[in-house]
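Asks: Residue numbers (this note's numbering), protein chains in the order written: chain E, 1307 to 1888; chain Y, 1307 to 1888.
Rather than coming from a laboratory, the hints here were simulated on the basis of the structure. One thing to keep in mind: the hints can contain errors.
Any copy will do: because identical chains look the same in the list, a pair fits if it lies in one copy or spans two.
Stated by the list, open to error - In silico BS3-like links for lysine-lysine, alpha-carbon gap of 25 Å or less:
#	residue 1	residue 2
1	1771	1876
2	1381	1566
3	1797	1672
4	1413	1337
5	1758	1687
6	1723	1680
7	1796	1333
8	1566	1723
9	1586	1797
10	1640	1771
11	1796	1413
12	1810	1876
13	1452	1523
Here the structure is a predicted model, which is why all the values come from computation and not from measurement.
Each chain, letter by letter, is given below.
2 protein chains.
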Amino acid sequence: MYRSHTNGELRLENVNQEVTLSGWVQKVRDKGFMIWVDLRDRYGITQLIFDEERSSKMLMQQAKMLGREFVIQIKGNVIERTSKNPNISTGEIEILVSELTVLNESKVPPFTIEDETDGGDELRMKYRYLDIRRNPVRENLIFRSKVTMEVRNYLSNEGFIDVETPYLIKSTPEGARDFVVPSRMNEGQFYALPQSPQTFKQLLMVGGMDKYFQIVKCFRDEDLRADRQPEFTQIDCEMAFVEQEDILNAFEGLTRHLLKEIKGVEIGDFPRMTYDEAMKIYGNDKPDIRFDMKFRHLTPKSGTYGFSVFDDAELVVGINVKGCATYTRKQIDKLVDWVKRPQIGATGLIWIKFNADGTLSSSVNKFFDADALKYFAEQMKAAPGDLMLVMAGNTDKTRTQLSALRMEMAETLGLRKPDEFAPLWVVDFPLLEWDEETGRYHAMHHPFTSPKPEDISLLDSDPGKVRANAYDMVLNGNEIGGGSIRIFDKKMQSRMFDLLGFTKEEAQNQFGFLMNAFEYGAPPHGGIAFGLDRLVAIMGGQETIRDFIAFPKNNSGRDVMIDAPSNIDKMQLEELNLKLDL
Amino acid sequence: MYRSHTNGELRLENVNQEVTLSGWVQKVRDKGFMIWVDLRDRYGITQLIFDEERSSKMLMQQAKMLGREFVIQIKGNVIERTSKNPNISTGEIEILVSELTVLNESKVPPFTIEDETDGGDELRMKYRYLDIRRNPVRENLIFRSKVTMEVRNYLSNEGFIDVETPYLIKSTPEGARDFVVPSRMNEGQFYALPQSPQTFKQLLMVGGMDKYFQIVKCFRDEDLRADRQPEFTQIDCEMAFVEQEDILNAFEGLTRHLLKEIKGVEIGDFPRMTYDEAMKIYGNDKPDIRFDMKFRHLTPKSGTYGFSVFDDAELVVGINVKGCATYTRKQIDKLVDWVKRPQIGATGLIWIKFNADGTLSSSVNKFFDADALKYFAEQMKAAPGDLMLVMAGNTDKTRTQLSALRMEMAETLGLRKPDEFAPLWVVDFPLLEWDEETGRYHAMHHPFTSPKPEDISLLDSDPGKVRANAYDMVLNGNEIGGGSIRIFDKKMQSRMFDLLGFTKEEAQNQFGFLMNAFEYGAPPHGGIAFGLDRLVAIMGGQETIRDFIAFPKNNSGRDVMIDAPSNIDKMQLEELNLKLDL
């Protein structure tokens, strides 16, 4: 037996007990005649004490040999500390050690195993097993485990069945790029790793499973943007005999439960917003509504603005930044530079200050008199002390740019509070989006999403206008989940594939099994999938998913710890009937 | 809203309520003036009634059009049945339908959606979504979900953390064949899909996670034997600061909990048996101990047997089949034929009957007199009425053959009761096994298994004799879990790789990250992995794992429903820098 207690367990009431502890040496303080060792494990830290008067010479010598991260086992007596440490759970006691065994030595770690480490990202990833010893990383992983347990228990209690769907499936060139897996037994053929269990969960509904969930790995071979992973985890759900309202209620329930159980935050009914509203008011479909700063549209007092930048623009829109009229020229210039960065790509930024004394000044004083500015201020609901930031131009671009600025201002002003949670539903997404590059429509959600019945008549006349029974759950400015009511009728599914530019043959070849299934009594159904990595990161008050993944990959899709991917044996390639073609 | 209740929910107390139900048409009984429809969903069956006197003509007509597996929604009034059906939960009521909507029609299914179906295996797999509508298949999947929830909750309550390990890892030619995944971003390189998260869970222990579990998919590209799947699911666990005893206790606890919660079976302490004992007494390392029929070794009364088959044999061993002395010549011939089949490969079978009248007869009367036979009977603890079946020859082969016969006899005699559960631990497995083909040692469990400290001295002199701290949990004749205490010392790990024939370079290349990790304070650790597919099958009283997997693959590794694997686009291959080489 390596231990009688963990290092987070002993209290005053254990005083005088003989205990056995194991763990890592966090710190050694050697005063010569007295040595203190902090012994660490997942559960906490216990202070060990060795002293000349009470410990044998050999034991003192042994203790002096200890280094950081050595793994040791000790036996000893629990005694009350003279100077207590209220910061740790075992701070009232210490262990007078009578026996010390070094279970394993340690080289000096490449970075300090402390909450704030001196290790950079690369080093931490290479030695991830040491990084995980640090409290913040370990606690993130434990937090993730807690969230998934809550998810499973909640859904299970609601009658959802956890069904495992296959990982070796079929490649479908539609959507993102698949990772493929060559089959040795089926020469020249390939499996694909699932981008999501979409068709399988729909087949489970056809199969009468009624309510399905799974926490499942999904795979996408994309050029990785920051904070994307080639493998990621979804909370994947589907229900039969439901309308959109049933789904929204079911998963609003889940999210409310998680926020309450995990974060102690009580949230009432989630606000709902159409896609169109979200785009209009926040310039994007995943607005952060923890703070206001809504888009305000500026109209001229009469006729035209008399300012060509506005007059020529599709959209003139601004945000009102409360209490920032005191921004200096330098601060404002920084903002202008910020929106002009290639990542944002704006041509400029107009500012109007509603000064504390009631006067108005702006970067467009030349074009607008005090009256005109005042009229803008009214439209923007500005008050003395506020700073108005205005952009104008093409609708889509301007929305995207101002939305980015809105988030940047909120970040700067500390309005994105990590312990505040503001979920909402964005509904009525468009069914299709036009892709300039390929010159055809793409499914905005996926090809299985059903159009709103009242919009079906537009499918032929104006496909871009058709709204879908599709919805996203947004939390603190992040899409954490999305789903739709599915098509469950073969004819409609086939029509959808036509619209998306599939030939009949392609559709049959790739999704024939699903359309066939729809001929044998498919029930109405719909579902949702949550991105678990992001959900736990946001619930944990952070936005970097990598910190909530035990062994993440870097931006080139590499695991630098195990050094994967790597070359494989020639024999392996031969068995798979493959040749490298570099 | 598609339904106010499910089809398993309504009772006498709901009489007179207006309800809305949805589901599949299981059966239509049309008496002309009266039509009954069984409406089915996951939760049960509710009887619908239409009759000339109480239903409109149109409704009667609609009902007459219904076919099997149509998806319908009805509104109606709950009424008390005149002839009740005690076999179903809703058997006291029926619904007098007032409104009927066909949500989706169905072609006639290719097999009947009944508990006993007329569909063969191929057809059921091709239309798995229809197969899942059948009660036995659906109940198996729900049972699996229930088992996994119990596992997770139990382990979670015991302080285990659910950590997801990566699926895109590194190929290691050791062990079974990997499935590989070409990397597009890292030209010419490949990921591998994990055969198990073995090294990652060990690194989590190095990282101080202390107790880890995960229910995780694993992959093996093997030529599939019956009832093997290329992707399978493991309950994967690891603990730090443990000895073998700690692990056995922890997972005996889990298994006991599952048997109690899921099957209502209380099991005391699990028996333990060494590998050597198991081989000696049952001829294999996963004995079914629900029944006795132990191996009994026959020795001659004095000197030699005087029967060359026995005298020349390494092993003379038999089983005593209780109460089967009445077997006819024909029955016994069948057994002899059975052991001579190529799958078993025995050259023959000797039988000795202890007749009810106390006389003994045998197939070797020529060689043994009554006294000799009686002496054998004593050794085999046979009583009047018993049939002794004896085999002789090479130790390994004879054990395997007699073990197969023992299982066959138990099957025939109905001793393998699916509702009886007899778990046991088999411990002290050999560390290494000699592989004739490659002429070197292989790790019996895996290369990370630690030798028993007391056997380390044999590592150089007689490696085959070294026992490992490795254990299997066996349930009803199936290995359901196996694990070991791991090596946590770089030197020992390196020595093990030497023994297994790795060059230093290979070892470093493939497992360098693990050996490096061992230099930074690796704690003692060990673990276990359960085969979930098999565990649920056995707990469900069956032995075919395919019936407990939603979408299994066939023996060629194909999913015949979606038709995977399949050919992929030339462009996909090009992007991966690969060429087919058929």
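Asks: All the hints need checking, so say for each whether the structure fits it.
Replies: Now for the hints, and whether the structure bears them out:
no., hint, verdict
1, 1771 - 1876, "neither (53 Å within a copy, 35 Å between copies)"
2, 1381 - 1566, "neither (42 Å within a copy, 37 Å between copies)"
3, 1797 - 1672, "neither (61 Å within a copy, 79 Å between copies)"
4, 1413 - 1337, "within (23 Å within a copy, 85 Å between copies)"
5, 1758 - 1687, "neither (36 Å within a copy, 78 Å between copies)"
6, 1723 - 1680, "neither (32 Å within a copy, 88 Å between copies)"
7, 1796 - 1333, "between (67 Å within a copy, 24 Å between copies)"
8, 1566 - 1723, "within (17 Å within a copy, 47 Å between copies)"
9, 1586 - 1797, "neither (35 Å within a copy, 65 Å between copies)"
10, 1640 - 1771, "neither (39 Å within a copy, 75 Å between copies)"
11, 1796 - 1413, "between (64 Å within a copy, 12 Å between copies)"
12, 1810 - 1876, "between (40 Å within a copy, 20 Å between copies)"
13, 1452 - 1523, "both (18 Å within a copy, 21 Å between copies)"
This entry does not satisfy hints 1, 2, 3, 5, 6, 9 and 10, going by the numbered hints stated previously.
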